[in-house]
Amino acid sequence: MNSIWTIARKEFSDSLRNRWLIAIALVFAILALGIAWFGAAASGQVGYASTPATIASLASLGIFLIPLIALLLSYDAIVGEEEGGTLLLLLTYPLSRGQLLFGKFLGHGLTLALATLIGFGVAGVAIAVLVDDVVIGTLAAAMFRFVLSTILLGWGFIALAYLISVRVSEKPVAAGLALGIWFFFVLIFDLMLLGTLVASEGKLNPELLPWLLMLNPTDIYRLLNIVAFGDGAQLSGVLSLGADLPIGAGGLWFALVLWFVIPLAGAWVLFRRRTI
Amino acid sequence: MSCFRLENVSYRYDKALVLRGVDLRLEPGEILGLFGHNGAGKTTSIKLILGLMTPTQGKVSVLGGEAGDPQVSQHIGYLPENVMFYPQLTGREILNHFARLKGAPLAQVPELLEQVGLGDAMNARVKTYSKGMRQRLGLAQALLGKPKLLMLDEPTVGLDPVATADLYRLLRKLRDEGTAIVLCSHVLPGVEPYIDRAAILTDGAVQAVGDLASLRRQANMAVTLSIEPANGISALEKVIVNASAGNGLMTHGSNGRLRVDVRPSEKMAMIQTLLDSGEVRDLGIHQPTLEDIYVHFIGSGGLAHRGGSQ
Chain F
1 MNSIWTIARK EFSDSLRNRW LIAIALVFAI LALGIAWFGA AASGQVGYAS
51 TPATIASLAS LGIFLIPLIA LLLSYDAIVG EEEGGTLLLL LTYPLSRGQL
101 LFGKFLGHGL TLALATLIGF GVAGVAIAVL VDDVVIGTLA AAMFRFVLST
151 ILLGWGFIAL AYLISVRVSE KPVAAGLALG IWFFFVLIFD LMLLGTLVAS
201 EGKLNPELLP WLLMLNPTDI YRLLNIVAFG DGAQLSGVLS LGADLPIGAG
251 GLWFALVLWF VIPLAGAWVL FRRRTI
Chain L
277 MSCFRLENVS YRYDKALVLR GVDLRLEPGE ILGLFGHNGA GKTTSIKLIL
327 GLMTPTQGKV SVLGGEAGDP QVSQHIGYLP ENVMFYPQLT GREILNHFAR
377 LKGAPLAQVP ELLEQVGLGD AMNARVKTYS KGMRQRLGLA QALLGKPKLL
427 MLDEPTVGLD PVATADLYRL LRKLRDEGTA IVLCSHVLPG VEPYIDRAAI
477 LTDGAVQAVG DLASLRRQAN MAVTLSIEPA NGISALEKVI VNASAGNGLM
527 THGSNGRLRV DVRPSEKMAM IQTLLDSGEV RDLGIHQPTL EDIYVHFIGS
577 GGLAHRGGSQ
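Residue numbers (this note's numbering), protein chains in the order written: chain F, 1 to 276; chain L, 277 to 586.
Keep in mind the hints are simulated off the structure, nothing from the lab. All C-beta atoms in this analysis are idealised placements derived from N, C-alpha and C, irrespective of residue type, glycine included. A couple of the hints might just be wrong.
Unchecked claim - Some chain F residues near chain L, calculated using beta-carbon distances under 8 Å: (1) 4; (2) 8; (3) 10; (4) 92; (5) 93; (6) 94; (7) 134; (8) 138; (9) 139; (10) 141; (11) 240; (12) 264.
What the hints assert, rightly or not - From the derived model, a few chain L residues whose C-beta atoms are all more than 12 Å from chain F: (13) 303; (14) 325; (15) 329; (16) 334; (17) 345; (18) 351; (19) 355; (20) 357; (21) 370; (22) 417; (23) 513; (24) 539; (25) 561; (26) 573.
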């Protein structure tokens with residue numbers, strides 16, 4: 001456990017040193033406040049619209065930003081150590097590959113969690129203080145749910161980045177594949193799903209379709225933040241499939257947790273097999 | 277208990293046999309020089325002892341346990357070839373990090389940095405370090421936690437002659453305190469007085485192992501006598517030709533001396549004859565150096581090996 005913590009501690013202090021943590025937190029705070037006040041500008045209205053609308057907008061933005069930041073933060077976790085010449089040395093210490101990987105995850109995970117908490121936390125407090133007619137209870141619950149799911153989504157993409165990082169032997173390749181993952185889950189997956197729906201002309205088992213959303217953590221994340229308000233009407237595009245999901249919020253949370261546990265376990269297995 | 281023991285160890289990477297039937301051991305308080313051309317299997321042997329790889333065949337035991345076991349790794353210090361560190365951290369921060377990983381007291385860190393001559397640079401970032409300074413930081417890193425087994429892969433690369441001599445002296449001191457040391461190198465000059473035994477590897481096999489005297493016996497290389505004639509060189513030549521029955525290889529040195537190569541077994545008889553003849557004013561004996569022995573065992577294929585990879 002001590003070794004895991006030592007590795008985590010170094011990753012975390014690296015992210016303080018290179019200002020990653022503060023930069024991410026700042027980006028989140030500015031975007032959250034911008035969305036809160038100008039999110040409804042398209043409909044000719046400036047100012048805080050409503051908590052559900054704000055959270056939905058934040059979540060829409062989150063699915064682009066969180067995976068990207070998480071992947072950038074961690075794609076070189078292992079391959080970077082190898083290229084930098086430190087991996088070999090680390091592994092001669094009383095430190096298993098699992099401990100190294102989980103230590104890294106703890107460090108990166110903590111960085112992202114703290115940045116999310118600070119960034120969106122500041123925004124949440126600002127809304128609570130500055131907006132007169134906001135219901136604090138609803139806002140707090142929604143913000144809590146949003147921040148927690150954002151952290152879990154980020155962890156998922158950190159673990160996916162590790163899957164790459166333990167396999168490849170060059171950093172640029174890892175960066176390229178990380179971008180590929182981002183493209184796939186954020187841009188392509190929903191299009192593919194939509195295409196499949198249209199092309200199948202109703203021949204696919206309708207009970208199976210909603211489950212396909214579980215194959216994409218960003219879809220689970222959006223469902224969590226929109227469905228929570230009991231407002232299925234807000235679900236658009238492929239997300240409307242989610243209205244037919246036989247699982248509730250608990251199931252969605254569980255699925256999001258699985259999305260970081262399984263890739264992380266996979267990365268561990270692959271890392272153990274890697275020749276140093 | 278041996279510090280490590282390799283028994284009939286082979287290692288296959290892809291289709292290439294990188295190590296073939298290697299037997300090697302190291303006792304506490306002993307410095308073993310591991311010499312060989314690039315690709316001879318030095319680094320692979322070290323990686324097996326460190327538990328970074330498992331042998332395809334044979335047995336590796338380290339400090340009474342299994343290679344790679346955390347209980348064992350705790351007592352091993354390792355300096356990799358071309359050691360690299362996190363450039364954005366200071367020397368001290370790096371050693372602190374590694375000391376935590378090893379469970380070594382942090383109080384050791386400034387002492388070790390002083391010991392390797394980085395006392396003034398400990399708070400500078402490693403990206404400002406020269407290669408020699410990085411190497412010394414690597415050495416301090418290897419010494420964390422006072423290891424029982426110290427493995428140094430090309431430790432003198434980047435060090436100037438003074439720093440190299442300092443390093444060897446430090447290794448002798450550690451050895452006298454009971455540390456077992458493996459010194460892996462292809463730089464032979466200067467190392468001879470500091471090692472207890474040497475192992476010479478070529479193409480993944482141990483060609484010879486032992487202390488210098490035993491290596492000389494195994495190599496059975498000629499000893500060179502350098503003789504200054506007392507009464508002219510032709511009289512001396514006659515004595516030598518008679519004594520060696522034409523076996524000794526005789527060459528004329530530039531300084532008026534004669535150089536004669538004789539088999540170790542014939543050395544004493546030849547010296548006796550020379551002294552009895554009264555034709556000798558001065559006589560020098562040149563034993564084969566570690567470098568000569570190395571070249572002997574590497575054989576004529578030596579040059580072809582040099583371009584190999586690890």
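Structure-based check of all given hints:
no., hint, result
1, 4, "10 Å, violated"
2, 8, "11 Å, violated"
3, 10, "6 Å, holds"
4, 92, "5 Å, holds"
5, 93, "5 Å, holds"
6, 94, "4 Å, holds"
7, 134, "43 Å, violated"
8, 138, "44 Å, violated"
9, 139, "40 Å, violated"
10, 141, "40 Å, violated"
11, 240, "48 Å, violated"
12, 264, "21 Å, violated"
13, 303, "21 Å, holds"
14, 325, "10 Å, violated"
15, 329, "8 Å, violated"
16, 334, "19 Å, holds"
17, 345, "9 Å, violated"
18, 351, "9 Å, violated"
19, 355, "9 Å, violated"
20, 357, "10 Å, violated"
21, 370, "9 Å, violated"
22, 417, "8 Å, violated"
23, 513, "58 Å, holds"
24, 539, "45 Å, holds"
25, 561, "44 Å, holds"
26, 573, "29 Å, holds"
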